[in-house]
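Going down the list, the protein sequences come from chains A and B.
One rule links them: number in our numbering = place in the first sequence (from 1) + 166.
One rule links them: number in our numbering = place in the second sequence (from 1) + 166.
To be clear, the hints were calculated from the coordinates, so they are not data collected in a lab.
Zero decoy hints are in this set.
On the chain B side, residues computed to face chain A include the following (Cβ under 7 Å):
no. : residue
1   : ALA335
2   : GLU416
3   : TYR453
4   : THR492
5   : SER590
6   : VAL819
Below, a list of computed lysine-lysine pairs in the BS3-like style, where the Cα atoms sit at most 27 Å apart:
no. : chain 1 : residue 1 : chain 2 : residue 2
7   : B       : LYS511    : A       : LYS422
8   : B       : LYS493    : A       : LYS422
9   : A       : LYS394    : A       : LYS284
10  : A       : LYS618    : B       : LYS493
11  : A       : LYS789    : B       : LYS823
Listed next, the stretches of chain A that the computed footprint assigns to chain B, with coverage defined by at least 3 CB atoms under 8 Å from CB atoms of chain B:
no. : stretch
12  : 302-316
13  : 484-492
14  : 558-566
15  : 583-593
16  : 784-795
17  : 810-819
Cβ coordinates follow ideal geometry from the N, Cα and C atoms, glycine included.
Number of protein chains: 2
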Amino acid sequence: MALELSQLLDPESVAIIGVSENPSRIGGRLFKYLTKHGYKGHLALVNPKYQELNGVACYPSVSDIPVQIDCALIAVAEKYVLSVLSECADSHVGSAVIFSSGFAEMGRSGKEAQNKIKELAKTKNLRVCGPNCIGLINFNSHTALSFSQLLEIDTLIPGNIGFISQSGALGGSLVNRAQDKNIGLSYFISSGNEADLEVSDYIKYLVLHDQNTKVIAAVIEGFKDGAKFIEAAELALTHQKPLIVLKIGETEVGQKAAASHTGSMTGSDAVIDAVFRQKGVIRVHNYDELFQTASLFSKGRIPQGGKVGILTSTGGGGIIMADYYTKLGLAVPEPSLETQDLASKEIAAFGKVANPFDLTGQIFSDPDMFKRCMKLFVEDDNFDIVQVNVSMVAGESSAQRASMLLESIGESTKPIVSWWAAGSLSEPGIQLLNGSEVALFRSPERCAAAVKSLVEYYQFLEKYSDPAPSGTDTDYSISAQKAGELVATGDKSLSEHQSKALLDLYGIPVTREQVAKSPQEAIRLAGEIGFPVVLKIDSPDILHKSDAGAIRLGVNSQEEIIRFYDEIIANAETYNPDARINGVLVQEMIREGTEVMIGMSQDPQFGPTIAFGLGGIFVEVLKDISLRVAPLSISDAEQMVKEIKGYQILQGVRGRKPSDVEAIVDVLLRISRLAQDCKDIITEIDVNPLIVFDEGCGVKAADALVVLKTHRRGKAYAD
Amino acid sequence: MALELSQLLDPESVAIIGVSENPSRIGGRLFKYLTKHGYKGHLALVNPKYQELNGVACYPSVSDIPVQIDCALIAVAEKYVLSVLSECADSHVGSAVIFSSGFAEMGRSGKEAQNKIKELAKTKNLRVCGPNCIGLINFNSHTALSFSQLLEIDTLIPGNIGFISQSGALGGSLVNRAQDKNIGLSYFISSGNEADLEVSDYIKYLVLHDQNTKVIAAVIEGFKDGAKFIEAAELALTHQKPLIVLKIGETEVGQKAAASHTGSMTGSDAVIDAVFRQKGVIRVHNYDELFQTASLFSKGRIPQGGKVGILTSTGGGGIIMADYYTKLGLAVPEPSLETQDLASKEIAAFGKVANPFDLTGQIFSDPDMFKRCMKLFVEDDNFDIVQVNVSMVAGESSAQRASMLLESIGESTKPIVSWWAAGSLSEPGIQLLNGSEVALFRSPERCAAAVKSLVEYYQFLEKYSDPAPSGTDTDYSISAQKAGELVATGDKSLSEHQSKALLDLYGIPVTREQVAKSPQEAIRLAGEIGFPVVLKIDSPDILHKSDAGAIRLGVNSQEEIIRFYDEIIANAETYNPDARINGVLVQEMIREGTEVMIGMSQDPQFGPTIAFGLGGIFVEVLKDISLRVAPLSISDAEQMVKEIKGYQILQGVRGRKPSDVEAIVDVLLRISRLAQDCKDIITEIDVNPLIVFDEGCGVKAADALVVLKTHRRGKAYAD
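My request is simple: use the sequences and hints to build the entire structure.
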């Protein structure tokens, strides 16, 4: 697909279909902007009204253009779009940008029209950007294929950040802000309704085929194809082109708005967040943070760790930054003894040199002192990143400070970030830093957040590994085959005992148990298992055994078994007269350990999704759950266990021993494998509780439920 | 103090002591800026080197000035500060600003010098701002008493926001940013080390004596006097002058930096946060948010509720805002049926009119449509606040949009907020909105946060009431007297039984219990109380009864009592041979209810602080605690119970009945009263657990510990 996309993203010839001499119309604006920003390829115009416009030849139709057209800009009313697109295909045009709106965002009839575009693109091998988009800009080749008022700007600043936005107006606004700060871009692509090309396609192209792009930024409302996005994110990761995403539509209200905006469902935000964590996608939650973070990454300076040294000319600003970094989990350690020693000699009056290091007003009377202290901080091994806060400096003073900062970086390749607290009066200094090696921030919090993302990304890269199943003791090909047979015996869901048999096939420990068909058999089984036991109804049609009154814990004697057996059967029959009853499950009673739960549900976009949490109130009241999509890597599974708030419980608190976390990780990996193998037949797995014993003593599934694809309980952990 | 402060904050005569002809020196800059910004009062200069400077008379010393000086600006080296100040006092100068640094922020010797300033200010009745500050500006009277480079600006914009900052450089920077956005100020006061006047003094003055100030903004690192701040915050609240604070030094690292900055301890951030909640102080956590929030408040438009209507010309921007408001707990409801009907007629092609309402590109072809839709939203009773998002509009288009927005507000007094997404290209429109009735935001998240603060503040004002003790059945004057007697019997702490006797004096229900001196007495008491009982050691010297093995639960028979009685005594004696032992406490055993804990500890700045949380892991692992300082109002106590994460547990989850929340509130109020009465003799109270029964069935303290002032366990809930 690479070649075809270059016809769209770096076209040697462009046709504007529906060109106008009126610059307030889309066709007129496209022509104006394309010319204004110096497009260097061949330009053809199409409109039966004109013979030429400003000296450029204009043809009655696209088929009349004598040269091969790489990219057609379609600026006609929506009712003509399909016929124009079809004509483009017949004339061997390589790609098209459809600006017109009135498609999937307008409901059913628009959706049908959009499907026709999709079909045409596929069958005629014509790559389409849009519809309902504002086009795209290639900053390096000066190709502006957009009608956005953003192009009223005099000069476009090229750079190494590729930017893709599903939302056109928002994307254009962001580009304007970025370029104001001298942040250069390789591309701005507005993907619109994505009838054909999706965000993921553009990401892949920028990763694999665009040398100019070093960092990718994106504004995303939803994904059409989850698997394709995962693939694109993995590519970006392995090529070390950081992918920074502002994913909007986080709440239900926001998702509803997104659905009516570009006609796409955004999907569960929690699952998307899980995918981002798994694939090293840097998620920002703020509009302004997107380009500020991208800009920091684009400097190409890689931190060796998360220790920040702060030089400040404002005491208050030093406190603010120390607060932010600490809250984000980065370290603000003391300077090395050598730095302390040398710096205190430089500026004897200060006494102790600390971090943050407050240069106070002395910086005005002895400006060189700043440079000397900066050198000490940059060269100090206690710091992986150096931050400089600049407060109220006006005019020439600000330019002087910026120059000194730039001079003092020296040979260091450490990331250097700078927060400037004042406003217009510091403009001369700010201008000097914009676009320099120093990443400039105007907001202390965004500065800290960007540094945190930078540190996290490179730490993630280091430990990233491919998904891998656990347990070499299990032959998963046999498991998968037997699982298929087992599942074939059920229709809506499996009974508890069947569900556990399935877990057992994948090497997951379950309670000792058997199904009894009579009280006498139950007594015999209880004798084998050992008292006390648990008695439960075993039926694929009774999912909530407690509600049915069909469960008895701590059954201690033969007499109790005789009494409870009949009660359980009777209660189950009353609860659901149509239920198929396999008998009464006689199960060992576990009285120790910590309850956790592991679940699997199917996400409409990303497929099998694994959930983990502590049992009881942690899941039910506090919603303390971690999520990942299958397949899991070992570090995914480890991270899942560690990132819940209740993790301390598993580490051992209040005098309790630590739990067997390794065994939990093992079960997560096995469930991941099971979920992958059975993704077409199972919609839900609920191992709840899984009992976790002390470190080294393993786990045991005490209850389990498997729901099959024909039937959905409508429950998703991601809610 | 009002009159004295007006000599500082609105002086009719000013002397610059240590004036210089060199504008790069502090004394030179003060002179330059004071003149430049048009000070209208009498100006005198002091420096033996000059006879006059630029036509202004210069005297050898302050005592030589022939007129009465309201305010002396002291710009001399720190070693001369005291003698100059003393001379000022002798010359009946009303107030002084000390710019020099080198005081409390420099350690012990600096602290001593600062204490002398404090003493002098007090004895000679001379109000002092600073030291280690950058001065102050009265914007309405054009009095610029500062050397901040901020004053390089051509014009100062007066307004209704009074701004106080402990950090000078940061404060100056913030003023520059605010004025860039045409946000007008009444005052900028840099309070520095606060040898004499504190932030709280300035707040009180602005609330009571400055007509121009409608809103107060502050940057605070720490409080010298907690009670004075509470008083100032209450004044601001009752005078409805919103007080918006950026409190820095939230983390330990930040607090350490603050200690070395202005030489003050910041105190526990959790307690400060509690005070802010109690007194309606609006806390912002971001640098940029301070003035953006203050600016929204300064418009004086009061929302009737928390429902936001969003008009947007960017679909993506609509989603972003809907997300933010939803996450912050505000409502984004559908427009009324009437609005839906009328708006869909206006713009038939859109289909359903929703919220956010996306005006799409149609806004360009039919600009008046924006005004008509705006009118519908402003007049719709479903909305308390109307938000307008503006995306990529350039030049004239942006000015046109801003004008339309201003025209469409009409007679409405609803808050109108607007987020502009683009950058420099939208400058013409942005300029029109700056300083207008519409609150302008450049960041969607800060816009939502400010609106949330506005809504919350006015909701808080409505339900705010004075602290009030609970229980008219209790005569607290008798309680206080008896409490004094009871406490006098202990030295380090009270035994459990004594502690409960104290709670009982304040009408707090405790378990039925008595101390037995022999096994026989214990048997008799158990018979009266009813089996099973709990046996515990009763000793003021054994605080951790479990650790000592001196507690037995569920004691069911006379035989058990005989055995356990001796065991408990023996274990206690082994654990602490010196412990005074009152006997064995025989206590009713409570087997139902939910465990909560209520505590009191002493904050060094704010005094008795009440803590509430659920028992067990909620407090110990999740640190799920709410705090308030005593005295509590009823709504404080209610809020404390509601704001913990585990509140749902008390409301009844998983089939459990709701707990008696009213009874918890009652105990909180009684503990608050007890804490107030005994604040000089008790340092800590720990009621843990307090057992809460079902709704209407009350509570009972099952264990309690009271620590007396002579002894500190070093535990604070605020940690």
